[in-house]
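With chain U fixed as given, assemble chain F onto it according to the hints.
These protein sequence lines map, in sequence, to chains U and F. Here this note's numbering is used: position 189 in the first sequence is 681, and no number is missing along the way. Here this note's numbering is used: position 60 in the second sequence is 89, and no number is missing along the way.
Simulated from the structure, these hints should not be mistaken for laboratory data. Hints should not be assumed to be uniformly reliable.
[Said to hold, decoys possible] The list that follows gives simulated cross-link-like pairs (lysine-lysine, BS3-like), each with its CA atoms no further than 25 Å apart:
1) Lys520/U <-> Lys40/F
2) Lys874/U <-> Lys860/U
3) Lys893/U <-> Lys841/U
4) Lys88/F <-> Lys567/U
5) Lys32/F <-> Lys567/U
6) Lys571/U <-> Lys586/U
Here the structure is a predicted model, which is why all the values come from computation and not from measurement.
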Amino acid sequence: MLEHTQNQTCVVIGASHAGVNFAFSLRKQGYAGNITLIDIDPTLPYHRPPLSKAYLTSDNDIASNALKAADSYIKENIKLMLGTKVAKIDAEHKHVIMADGTNIQFDQLVIATGARPFIPPIEGLTTASNLYPLRTAADVTKIKTALKQSEHKRVVIIGGGYIGLETAASMQKLGAQVTVLEREERILARVTAPEMSSFFQQLHADNGVNVLTSKNVASIQTNNGHNQVICADGEQFDADVIVVGVGIRVNSEIAADAGLTEDNGIHVNESAQTNVKNIYAIGDCAYHYNPHFARFIRLESVQNALDQGKVAAANICGKDTQYDTIPWFWSDQYDIKLQMVGLSQGYNKIVKRTEPSDNHKFSVWYFKDDELLAVDAVNNAKAYVLGTKFIKNRSKVDKQKLADLTVDFKADTLVIN
Amino acid sequence: MAKITFIDSNKIEITVEADSGSVMELAVQNGISGIDGDCGGVCSCATCHVHVAAEDMDKVGAANEIEQDMLELDDNVNEFSRLCCQIQISEQLDGVTLTVAAE
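Isolated chain U (complex conformation):
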């Protein structure tokens, strides 16, 4: 236990993956003072990734998705203030001001406010019936209820990114007739190579989901609770339920108002510290430096939320620690398990390796010249694990051997010494 922290208070704004795991890490590192976790969401903090996947298709209570058991907060003496909105941070006087006017004094403040769904300025969108984003447990409840009550179960999903596609797969499983409308020429355009986009396009088609690209939604007309989604090219789609998944906006206004440097997220150094001493930012809202890829980035991922939380906790407890993790992500759609490691941005060469298997088992390897940047592995944890090790060690991979199925798929044979 760190005795000098005994009379201190650490306030955390945001109790999702980053905030919650930070709080538990802080206790584990020996922080002896008060830890207060505040979130506007009234639900006991839960895992978000299952919201568009297993949680959407099951009848499980959100409690089965809890990040930590309710008892664990009591045991670790972490105070949860749920359903509570923070109005303002007073960095100079070191306190946060709640929407109801009450104050909490802090010695350290951690901003883990994440992001909110971006709601595009589409005509008629705000008056559409049964239109929801998908980011919170409450969103999922509304989507499920709307689908159950709908007679025809026609679902239109605006946006062909991971959220949109996972939601499409889940809603199809629930018996809906699903159409995905993507504005770009291919789905997942921002995050993957064309090879991956075509694979997922075909996967959804095979499962009876209508995925349409180059479809820019121009307006939504709603009469008597019935929606018509109208695209710029004139095509129209009936929709009983509409899910919007077109990206996010960072919840950084509260930080900007407090004078913290902010632009595409709250700027932090390698210790997760903002430009104000004793104020940290972690998770989706933090614009940070990645030493491996040698650039500033902002990531929307569980891995980033957890690892930055650990770094902030260690630094607050006096252990000089720097954030240096290779980013990783996953997505589950139908029976397909996609695992991704690294950052593919800037690649100029792709190697695709398809294993002899009857259930779509392949991997896409992204290179910039000879440097392996990222791997997307489909039903292939081995490729994911090898990719993780190669990227971490900056191993030089023999691209020809990698593509050659007669060569053993292991480090010894693939790495050039």
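Same frame as chain U, but now just chain F:
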């Protein structure tokens, strides 16, 4: 109902009971130290690594292919390793002991 004994990362022995769900969920619900389950139980993060007691291996069974590959990310992997999000609770597990793998 199955009684499952965990030896957590602080070497503390805790026995809990359940009849369904995954062993990882059970561990998280009971605050077993060292079982994080960061990915929520989809075999993507390898933060629920346990070593099954040798005499219980028959009851618990071996890791599946994806699980075996994911375990290779962990230096403490051995022939008794499992990612406990992939172990479903049933009566068959009654009496098994699982030791949280060191970080």
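Status of each hint after checking the structure:
{"no.": "1", "hint": "Lys520/U <-> Lys40/F", "verdict": "holds (16 Å)"}
{"no.": "2", "hint": "Lys874/U <-> Lys860/U", "verdict": "holds (22 Å)"}
{"no.": "3", "hint": "Lys893/U <-> Lys841/U", "verdict": "holds (15 Å)"}
{"no.": "4", "hint": "Lys88/F <-> Lys567/U", "verdict": "violated (32 Å)"}
{"no.": "5", "hint": "Lys32/F <-> Lys567/U", "verdict": "holds (23 Å)"}
{"no.": "6", "hint": "Lys571/U <-> Lys586/U", "verdict": "holds (19 Å)"}
When each numbered hint is compared with the structure, a violation occurs for hint 4 only.
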